[in-house]
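In order, the protein sequence lines correspond to chains A and B.
Take any residue in the first sequence, count from 1 to its spot, add 1: that is its number in our numbering.
Take any residue in the second sequence, count from 1 to its spot, add 128: that is its number in our numbering.
Each hint should be verified, as a subset may be incorrect.
Unchecked claim - A few chain B positions that, by computed beta-carbon distances, are all more than 12 Å from chain A:
#1 L132
#2 A278
#3 P284
#4 P331
#5 R485
As the list claims (entries may be wrong) - Straight line, CA to CA, 27 Å or less: simulated BS3-like cross-link-like pairs of lysine-lysine:
#6 A/K74 - B/K343
#7 A/K133 - B/K511
#8 A/K74 - A/K133
#9 B/K395 - A/K111
In case anyone wonders, no lab produced these hints; they're calculated from the structure.
Just so we're clear, the structure is a prediction, and the values are computed from it rather than from any experiment.
Glycine included, every Cβ here is placed at the ideal spot set by N, Cα and C.
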Amino acid sequence: MRGKDVVLDNVSITYPNGFTAVQTTDLRIEAGEFFSILGPSGCGKTTILRAVSGFIAPSTGRIVIGGEDMGTKGPNVRPTALIFQNLALFPLMPVWENVAFGLEARGVSKRERRAKAQELLDLVALSDQGDKLPGELSGGQRQRVAIARALAVEPAVLLLDEPLSALDLKLRQHMRAELRDIQRRTGVTFIYITHDQGEALTMSDRIAVMNEGVIEQFGTGDAIYSAPRTAFAASFVGEANRFDGRIERAEGDQAIIATSLGQFRARNPGELIPGSEAMLFVRPEAMALGAGENNLAARLVRRDLEGAFVNLFFEIQGHEIAVHLTNTGHAVDAGPGQVASLSFAANHGVILPAGPLARTGREMAAQ
Amino acid sequence: MKGLFAGYGRGLTLAFFAAVALWSLMLIILPQLTMLERALTPPKRAMDSSIAMILARDADTCISVLETFMEAPADAAPANGGMAVPSASGMAVPSASGMAVPSASGGAAGGATRPYILQCDRATTHVGLTLNSGEEPAHLDTTYDLPLIAVSDSDPIPEQIATAEEIIEIALKLAEQLKAAEAAANPWTLDNFGWLVAAGEIPLSDSQQVIEDAKISKNLMGLVGLRFEQDGQVFERIGLIILTRTILFAAAATGLALLLCYPIAYKVALATPANRAIWLFLGLVIPYAIVELMRIYAWTAIIDNQGLINGFLQWIGAIDDPIQFKRSPMTVFVVIVYTYVLFMVFPIFNVMSTLDRNQIEAARDLGGSPWRVHARIIIPHAKPGIAVGTIATFMLAAGAFSVPRIISRRLQAEWFAQTIYNKFFESENSNIGAAYSFAYTLICFALVALFMWLMRTRLKDFARVQCTRIVFSASRPGRSSPSCLRRSC
Numbered sequence: 002m003r004g005k006d007v008v009l010d011n012v013s014i015t016y017p018n019g020f021t022a023v024q025t026t027d028l029r030i031e032a033g034e035f036f037s038i039l040g041p042s043g044c045g046k047t048t049i050l051r052a053v054s055g056f057i058a059p060s061t062g063r064i065v066i067g068g069e070d071m072g073t074k075g076p077n078v079r080p081t082a083l084i085f086q087n088l089a090l091f092p093l094m095p096v097w098e099n100v101a102f103g104l105e106a107r108g109v110s111k112r113e114r115r116a117k118a119q120e121l122l123d124l125v126a127l128s129d130q131g132d133k134l135p136g137e138l139s140g141g142q143r144q145r146v147a148i149a150r151a152l153a154v155e156p157a158v159l160l161l162d163e164p165l166s167a168l169d170l171k172l173r174q175h176m177r178a179e180l181r182d183i184q185r186r187t188g189v190t191f192i193y194i195t196h197d198q199g200e201a202l203t204m205s206d207r208i209a210v211m212n213e214g215v216i217e218q219f220g221t222g223d224a225i226y227s228a229p230r231t232a233f234a235a236s237f238v239g240e241a242n243r244f245d246g247r248i249e250r251a252e253g254d255q256a257i258i259a260t261s262l263g264q265f266r267a268r269n270p271g272e273l274i275p276g277s278e279a280m281l282f283v284r285p286e287a288m289a290l291g292a293g294e295n296n297l298a299a300r301l302v303r304r305d306l307e308g309a310f311v312n313l314f315f316e317i318q319g320h321e322i323a324v325h326l327t328n329t330g331h332a333v334d335a336g337p338g339q340v341a342s343l344s345f346a347a348n349h350g351v352i353l354p355a356g357p358l359a360r361t362g363r364e365m366a367a368q
Numbered sequence: 129m130k131g132l133f134a135g136y137g138r139g140l141t142l143a144f145f146a147a148v149a150l151w152s153l154m155l156i157i158l159p160q161l162t163m164l165e166r167a168l169t170p171p172k173r174a175m176d177s178s179i180a181m182i183l184a185r186d187a188d189t190c191i192s193v194l195e196t197f198m199e200a201p202a203d204a205a206p207a208n209g210g211m212a213v214p215s216a217s218g219m220a221v222p223s224a225s226g227m228a229v230p231s232a233s234g235g236a237a238g239g240a241t242r243p244y245i246l247q248c249d250r251a252t253t254h255v256g257l258t259l260n261s262g263e264e265p266a267h268l269d270t271t272y273d274l275p276l277i278a279v280s281d282s283d284p285i286p287e288q289i290a291t292a293e294e295i296i297e298i299a300l301k302l303a304e305q306l307k308a309a310e311a312a313a314n315p316w317t318l319d320n321f322g323w324l325v326a327a328g329e330i331p332l333s334d335s336q337q338v339i340e341d342a343k344i345s346k347n348l349m350g351l352v353g354l355r356f357e358q359d360g361q362v363f364e365r366i367g368l369i370i371l372t373r374t375i376l377f378a379a380a381a382t383g384l385a386l387l388l389c390y391p392i393a394y395k396v397a398l399a400t401p402a403n404r405a406i407w408l409f410l411g412l413v414i415p416y417a418i419v420e421l422m423r424i425y426a427w428t429a430i431i432d433n434q435g436l437i438n439g440f441l442q443w444i445g446a447i448d449d450p451i452q453f454k455r456s457p458m459t460v461f462v463v464i465v466y467t468y469v470l471f472m473v474f475p476i477f478n479v480m481s482t483l484d485r486n487q488i489e490a491a492r493d494l495g496g497s498p499w500r501v502h503a504r505i506i507i508p509h510a511k512p513g514i515a516v517g518t519i520a521t522f523m524l525a526a527g528a529f530s531v532p533r534i535i536s537r538r539l540q541a542e543w544f545a546q547t548i549y550n551k552f553f554e555s556e557n558s559n560i561g562a563a564y565s566f567a568y569t570l571i572c573f574a575l576v577a578l579f580m581w582l583m584r585t586r587l588k589d590f591a592r593v594q595c596t597r598i599v600f601s602a603s604r605p606g607r608s609s610p611s612c613l614r615r616s617c
């Protein structure tokens, strides 16, 4: 099996009711790549997936797979296979017939189908489950049946629509590794849809962060995490302390931002000019106790032990500031109410133009 | 049982079981047993004791008529000039019995002193006995060795009354004996069922017979023994022919309804956005808010000789003479399909709408053609609904009475439900009617059982579908319901 590249050329998708789910997008997904589209629910990521698989047609632009314009080709003739969020296994067929359905549709003889299905079941470690019905398998086994069924048609591009979201945490973590492994072995292009940044970061070669129909940023997981380009990407992927303010002055690739808590120096990748509204983001693990390049004093509110990390939550002028420290065994023994001085290095902070943010857990809970 | 007690409480569970038991007893078991008993016993009036009772009743009526005649004969007879034409006063005489038929010709029978009285004429021990299987009718006097006594209208009236009384005595005595004997004898007989397979002679001229012999349907009937020739005469097992024809028509109507309903159910359940499906749905339901008879009568307005179709065709000049729709079996067929189509649509629609549309998309995505998606995904899923709809429609069509009756206006061969009705209420032989309907019930039941056996494996699968769906949805986070999982498969 060999993957193919997928190109979204000027694609936008507007539903008949007038809602534009995907704004004009240009995207190139390389052949054999594990590509994730990461975004909150309703951001349009599933719409992109359905457009690539052929269930909906883009309103503008074209979708090119392996150099071939898909045009109005239906899902049954595209070199793609889709794994549904609820898997959509056929409950009345035994597992092996599920796996062989795509071959049956291509007119392959029963004996060959059986052999090929067995081969794929071996690949996903379900060798002796072929004659069971999907309902008799566990969640993880069903997951693997869905993967085998999609791989049976030898797709060049495998589209996965949050397939792990229904699984327990441990199983989910295991399946991540398994998916990655299957992708490497088969060389098929994977396009993986998820709202779980952990999944996206651990599995993907590259990630696109999407919000409200717009791809905010795409790049490797490292780049997305360490060098976010928009306020949304910075706030959606990972945790971040945010300070709103105005650019005081720019100095090379850094800038000074004036906030209600004082002036801070940090990276300025967008080359913002003085006077512009900006947001400073600092990861909790980039914060340190004691003095440094940028300093502020805050009152300790809460201390959470999370095993490898100790999470400290400070409060200053109504702002909550999180600090994640590696648990070395003799780290901080601070009690609530204590005022401590905090600092962060200038190249650990990033100043981005003010923009829409990802919703916080509190906002989601309130809804 | 314990689970039911726990789930619904003892009172509700017992009430439910009591209702089910009462329902099956009152509406299924008792009526069918009554029907079976009737079917297996000869009609009461065909029994010899009943014949004797009729004789006694005739003689009794004869006496009462004669008595009224004796009270006021003196002026009536001369006034009539011996012609026995009922006079104004004479008119009162027959009304006493209600059955007596005075006749002018009776008076001519040699110096009669009374008009002809039907009951007196019938009051003779030489009464014909109805015997089965077309033998020569026997007579009470010869069969039971009775003296041959008759009320002779040439006797003086008091003598006639005495004779009649004698007849009553003999008849009642005989009836009593016969009743005792009949009560002691085995009352069961299969004769009523015999009528269903009995062959009747079809009188045909030679030229007609040539035409009939050439018909494919007649030849087919010959092949399966429904029609045969004996001594140059054609015989047909009419009861069986009607039954077979009805079942074939009902099966064909069911098949047509299925062909019609599957696409509709698919369209409404799976291929239309929910907000628009509701309009399609209303379109299906509204015609059924009209009483069934009204729906059928509406068709007569369409198919009449002066109806919509003929009117339109004549108006555009396509035909000169109206098409006789009411004489065509096809019309009955179409109206039956129309009348019962909803009983097919709804079960299929209900099951289909439980299908996860993702399965259809998955099958499409894997390269399945629309045909294959139907054959492998949708039909297997909808099979229980198809089975239920087919059974319901078939049973309704097989038992259809009003549609063939109203549409054909007796201008075409009857359907079996009409035959049963006629046996019950028109030929007044409810025992044969009971035998017919019981046999018909059995045959239809056997057909349904056969059909269910053919669908057997898939019905089992259906239980599994439901389970799987529950398990799948239960495994979604935040929606787990362990009780469903425990009960699964």
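We went through each hint and held it up to the structure:
no.: 1; hint: L132; result: holds, 25 Å
no.: 2; hint: A278; result: holds, 80 Å
no.: 3; hint: P284; result: holds, 93 Å
no.: 4; hint: P331; result: holds, 58 Å
no.: 5; hint: R485; result: violated, 9 Å
no.: 6; hint: A/K74 - B/K343; result: violated, 54 Å
no.: 7; hint: A/K133 - B/K511; result: holds, 21 Å
no.: 8; hint: A/K74 - A/K133; result: violated, 34 Å
no.: 9; hint: B/K395 - A/K111; result: violated, 32 Å
Comparing the model with each numbered hint stated earlier shows that hints 5, 6, 8, 9 do not hold.
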